[in-house]
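*Asks:* Protein sequence lines, in the order shown, are assigned to chains P and D.
Going by the numbering used here, 55 is the number at position 55 of the first sequence; the sequence numbering is gapless.
Going by the numbering used here, 317 is the number at position 317 of the second sequence; the sequence numbering is gapless.
Some hints could be false.
Listed next, with one range per pair, are the computed distances between beta-carbon atoms [stated by the list, open to error]:
| hint | chain 1 | residue 1 | chain 2 | residue 2 | range |
| --- | --- | --- | --- | --- | --- |
| 1 | D | Asp294 | P | Gly259 | 32 to 40 Å |
| 2 | D | Glu110 | P | Ile236 | 48 to 56 Å |
| 3 | P | Glu415 | D | Arg236 | 45 to 53 Å |
| 4 | D | Ile409 | P | Ile118 | 53 to 61 Å |
| 5 | D | Thr238 | P | Gly259 | 35 to 43 Å |
As a list, the in silico DSSO-like pairs of lysine-lysine whose alpha-carbon atoms are at most 30 Å apart [to be verified]:
| hint | chain 1 | residue 1 | chain 2 | residue 2 |
| --- | --- | --- | --- | --- |
| 6 | P | Lys423 | P | Lys88 |
| 7 | P | Lys140 | D | Lys12 |
| 8 | D | Lys374 | P | Lys222 |
| 9 | P | Lys366 | D | Lys141 |
| 10 | D | Lys374 | P | Lys305 |
| 11 | P | Lys327 | D | Lys141 |
| 12 | P | Lys140 | D | Lys111 |
| 13 | D | Lys297 | P | Lys222 |
| 14 | P | Lys119 | D | Lys197 |
| 15 | D | Lys12 | P | Lys159 |
| 16 | P | Lys354 | P | Lys159 |
| 17 | D | Lys306 | P | Lys140 |
| 18 | D | Lys249 | D | Lys111 |
| 19 | D | Lys395 | P | Lys140 |
| 20 | D | Lys141 | P | Lys88 |
| 21 | P | Lys140 | D | Lys326 |
| 22 | P | Lys159 | D | Lys249 |
| 23 | D | Lys12 | D | Lys200 |
| 24 | D | Lys297 | P | Lys159 |
| 25 | D | Lys374 | P | Lys140 |
| 26 | P | Lys354 | D | Lys141 |
| 27 | D | Lys58 | D | Lys141 |
| 28 | P | Lys88 | D | Lys197 |
| 29 | D | Lys374 | D | Lys111 |
| 30 | D | Lys326 | P | Lys79 |
| 31 | P | Lys327 | P | Lys311 |
Don't read these hints as lab results, they were simulated from the structure.
Every value quoted in this text rests on a predicted model; they were computed, and no experiment measured them.
Backbone N, C-alpha and C define an ideal beta-carbon position, used for all residues, glycine too.
Chain by chain, the residues run as shown.
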Amino acid sequence: MTAAALDDIRVLDLSGEIGVYATKLLADLGADVMRIEPPGGDPMRMIGPFFGERASPDRSLYFWNLNTNKRSITLDITKPEGRAVFEKLVRSADVVVETFEPGYMESLGLGYGRLSTIKPDIVMTSVTAFGQDGPHAHYKWCDIVGVAMSGMMTLAGDKEDPPNRPYGNQGYIGAAIQAAAGTLMAIVHRDNSGEGQHVDVSMQEALSINQETAMQTYDMMKAIRTRTGARGALPIDIPGIGVYECTDGQVFAYLGTPGGAPWTAMLDWMTREGMAEDLNDEPYREFIGNLNLSFLTGLVREPEKLPERLKIMAHLYEVFAKFCASKSKWDLYQEGQQQRLMFGIVSTPEDLVKNPQLQHRQWLQKVEHEEIGATVAYAGPPYRLSETPWAIRRRPPLPGEHTIDVLFEAGYSTEQIDELRAKGAV
Amino acid sequence: MSDKQQPLSGLKVADFSWFGAGPICANNLAAFGATVVRVESEAHLDGLRLVGPFPPDKNTFNVSGYFNNYNAGKLGLTLNLNTELGMDMAHRLIAWADVFITNHTPRIIEKWQLGYEQVRALNENVVAVYQPMQGFDGPHKYFMGFGAVLGPITGYSHLSGFPHRAPMGLGTNYPDYVINPGHTLVAILAALRYRRKTGKGQCIELAQIESSVAPLAPAVMDYANNGCVQGRQGNRLTHAAPHGAFRCKDNEWNGQPEERWIALGVFDDAQWRAFVDAIDAPTWATDAALATLDGRKQREDEIEQKIGEWTRDRTAEEAMALLQSKGVPAGVVQNARDMLESDEHLKARGYYVYLDHPEAGHNAYDGPPFRLSKTPGELQGPAPMLGQHNEQICKDILGMSDEQIADAIVAQALY
Chain P
1 MTAAALDDIR
11 VLDLSGEIGV
21 YATKLLADLG
31 ADVMRIEPPG
41 GDPMRMIGPF
51 FGERASPDRS
61 LYFWNLNTNK
71 RSITLDITKP
81 EGRAVFEKLV
91 RSADVVVETF
101 EPGYMESLGL
111 GYGRLSTIKP
121 DIVMTSVTAF
131 GQDGPHAHYK
141 WCDIVGVAMS
151 GMMTLAGDKE
161 DPPNRPYGNQ
171 GYIGAAIQAA
181 AGTLMAIVHR
191 DNSGEGQHVD
201 VSMQEALSIN
211 QETAMQTYDM
221 MKAIRTRTGA
231 RGALPIDIPG
241 IGVYECTDGQ
251 VFAYLGTPGG
261 APWTAMLDWM
271 TREGMAEDLN
281 DEPYREFIGN
291 LNLSFLTGLV
301 REPEKLPERL
311 KIMAHLYEVF
321 AKFCASKSKW
331 DLYQEGQQQR
341 LMFGIVSTPE
351 DLVKNPQLQH
361 RQWLQKVEHE
371 EIGATVAYAG
381 PPYRLSETPW
391 AIRRRPPLPG
401 EHTIDVLFEA
411 GYSTEQIDEL
421 RAKGAV
Chain D
1 MSDKQQPLSG
11 LKVADFSWFG
21 AGPICANNLA
31 AFGATVVRVE
41 SEAHLDGLRL
51 VGPFPPDKNT
61 FNVSGYFNNY
71 NAGKLGLTLN
81 LNTELGMDMA
91 HRLIAWADVF
101 ITNHTPRIIE
111 KWQLGYEQVR
121 ALNENVVAVY
131 QPMQGFDGPH
141 KYFMGFGAVL
151 GPITGYSHLS
161 GFPHRAPMGL
171 GTNYPDYVIN
181 PGHTLVAILA
191 ALRYRRKTGK
201 GQCIELAQIE
211 SSVAPLAPAV
221 MDYANNGCVQ
231 GRQGNRLTHA
241 APHGAFRCKD
251 NEWNGQPEER
261 WIALGVFDDA
271 QWRAFVDAID
281 APTWATDAAL
291 ATLDGRKQRE
301 DEIEQKIGEW
311 TRDRTAEEAM
321 ALLQSKGVPA
331 GVVQNARDML
341 ESDEHLKARG
351 YYVYLDHPEA
361 GHNAYDGPPF
371 RLSKTPGELQ
381 GPAPMLGQHN
391 EQICKDILGM
401 SDEQIADAIV
411 AQALY
């Protein structure tokens, strides 16, 4: 058994969707994360996709992905007996992660102030859409509200459509990544000073930096970046930049950008394949020799030359698009990249699973689920640590699977556990 | 800087990264107290210094808002690693550091001979952090790209947006800003803890492709286990209705009409009742057939059209306040002006930080991405100008004399 970076950290995980990826990150680095499920089980167990496409709480791939390596106890913290158990668990915990509306934990008598009297060096991490204070602190949220209010959604999509929400709860994911980092930052401080603290993560703030240059563009130039669709900032078709149709899907091309091979290398490739048409003749050949990102950004500076240049570019675009349309997305991606031509395959989930690089690195993980007699493929590591590797050591828990173990560890007797059960607290 | 000891006070970071994913990560280390030396070269400038945005009438290497936002509070050193002396100085800086971080390509790492074993020979217990695009092994290890290319490769483009449009992605180099630097920060902090316990450093390899696909796990697992290929669904979700963005009354800004939108989601029947209440219960909305998710899913087109008619007469802010007052999750699709100027909430929390930069002036920076109650983190200063701290670093960190520094300048090692 290899070492784990966080194997001496115990986490009480009360998080909903907005924070649950944070506790997964901690668990996958070795922390003992106890997922506290309400009686009846975690509602996330009913979110698809489902294993075998059968909607059932014991088959949610969504839940499974977010709860690897965790233990589960069912505990009703709204009941006094449940709260007493929670307080007892806090004594041996390092971290509590919660995502309730600000003030809710206080209303149960479990706010940071109270927890820190039970365990002075406890780190409590609260993840919400808008943070613990401020005029919107009590606003209701879901993922799309966070990405909208963070300024990133206004940048995505086509002008003819509503702004686009990024796929896959990116607001929740981003907030949770920052929450995991904030939690560890507080743990580092605790290790140095013996002092715990309250970590406040706002989804809106966590995502702000995803605005790329939009914030600074307004700050410095009083100009507003908005969504520009498939064409990007310049409202013209630029040969070699953007999304191109192939025989079986699309590629994204980003030719003429720093670090990559020049457009002339692209022309050579098209020539070798007999698909360059007249691009080796003038004015095209010379134009291609100059075609790179700084040339493009300079286009507007010479407006008198623009009409002629646009005509040339339209022809280049057409010939280039024809070349792309004659090839498969994998061929364009792999053969292009081998020549340092910056192509990126527009991957479908199928392409990701079949990606030779991810396969070579054995990124997907196989996890046994004996209860349903299946081996399940899981997403792999976001990072690889040489001494303390990321690993799935334990499949996600069944609801309350570890309740008894955890209560024994906390010093409860069989009779006491039966009593808690009778009261519906566990 | 406050007197309070920050979590990373005393931590030494040699930041050999550029563009987004590396510098943003090191930026967060600096905000929590680390001393970060950002290594650059005039011979190969960080592209973000060149692309701006720039303040009016300024366009030097030192004023790009894009660059400056990711490098606040770092010390700036210019080294030409293509000179022997420059590389020697780099080695001494790495020997000084607790954390070495780079996002250069495997080809460059090989050329510079700064792989983990080589770095470890300079500094046995260093935490060495690499962010190659595809990893250091495998058939695609030399493939290159920026976030703009990584987004399509990792599935964000195929999965995001409306099905009738090309897979255009999110309009930014998305994985560069939170996903990759954030994952890296988690790994670094975990490795630092392990180092504290055991004295051992280690290598962190964050292959950007792996880090970026990880958040799309449900779609990947849906195919890997079920053979099901998910596609673009626009702003809809299978388990919510209505769910999307709706056009509100236009603003006028700079004499031009400006589109305004509100995003909202209704996840259960109680939220639907709250929504109906918020829009004053028009006849169409009180239809009993819409009381359940199934019923709403069946008539989602119609519902979206009706909501659009309601939002069209209201400003986005009015619609948000009304819906929120009834408990419906709703938020303005904010732009950068909203973020910096009109969002009272962000202002009250003081998220954006304004710093004075000697050339760029008084500008906004993103504050720390999480708030710690006792050690809140704080940007230690504006971004360094190119080579701003060369002399200071040479003297204080590398222990060089004035004469040695002059030699390094003449040899174009400090360049």
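*Asks:* Each hint: holds or not?
*Replies:* These are the hints, each one checked on the structure:
no.: 1; hint: Asp294(D) to Gly259(P): 32 to 40 Å; verdict: violated (51 Å)
no.: 2; hint: Glu110(D) to Ile236(P): 48 to 56 Å; verdict: violated (39 Å)
no.: 3; hint: Glu415(P) to Arg236(D): 45 to 53 Å; verdict: holds (52 Å)
no.: 4; hint: Ile409(D) to Ile118(P): 53 to 61 Å; verdict: holds (59 Å)
no.: 5; hint: Thr238(D) to Gly259(P): 35 to 43 Å; verdict: holds (40 Å)
no.: 6; hint: Lys423(P) to Lys88(P); verdict: holds (17 Å)
no.: 7; hint: Lys140(P) to Lys12(D); verdict: violated (41 Å)
no.: 8; hint: Lys374(D) to Lys222(P); verdict: violated (35 Å)
no.: 9; hint: Lys366(P) to Lys141(D); verdict: holds (24 Å)
no.: 10; hint: Lys374(D) to Lys305(P); verdict: violated (60 Å)
no.: 11; hint: Lys327(P) to Lys141(D); verdict: holds (23 Å)
no.: 12; hint: Lys140(P) to Lys111(D); verdict: violated (52 Å)
no.: 13; hint: Lys297(D) to Lys222(P); verdict: violated (41 Å)
no.: 14; hint: Lys119(P) to Lys197(D); verdict: holds (22 Å)
no.: 15; hint: Lys12(D) to Lys159(P); verdict: violated (46 Å)
no.: 16; hint: Lys354(P) to Lys159(P); verdict: violated (34 Å)
no.: 17; hint: Lys306(D) to Lys140(P); verdict: holds (22 Å)
no.: 18; hint: Lys249(D) to Lys111(D); verdict: violated (57 Å)
no.: 19; hint: Lys395(D) to Lys140(P); verdict: violated (54 Å)
no.: 20; hint: Lys141(D) to Lys88(P); verdict: violated (50 Å)
no.: 21; hint: Lys140(P) to Lys326(D); verdict: holds (10 Å)
no.: 22; hint: Lys159(P) to Lys249(D); verdict: holds (16 Å)
no.: 23; hint: Lys12(D) to Lys200(D); verdict: holds (16 Å)
no.: 24; hint: Lys297(D) to Lys159(P); verdict: holds (26 Å)
no.: 25; hint: Lys374(D) to Lys140(P); verdict: holds (27 Å)
no.: 26; hint: Lys354(P) to Lys141(D); verdict: holds (16 Å)
no.: 27; hint: Lys58(D) to Lys141(D); verdict: violated (39 Å)
no.: 28; hint: Lys88(P) to Lys197(D); verdict: holds (27 Å)
no.: 29; hint: Lys374(D) to Lys111(D); verdict: violated (44 Å)
no.: 30; hint: Lys326(D) to Lys79(P); verdict: holds (28 Å)
no.: 31; hint: Lys327(P) to Lys311(P); verdict: holds (25 Å)
In the structure shown, a violation is registered for the earlier hints numbered 1, 2, 7, 8, 10, 12, 13, 15, 16, 18, 19, 20, 27, 29, in ascending order.
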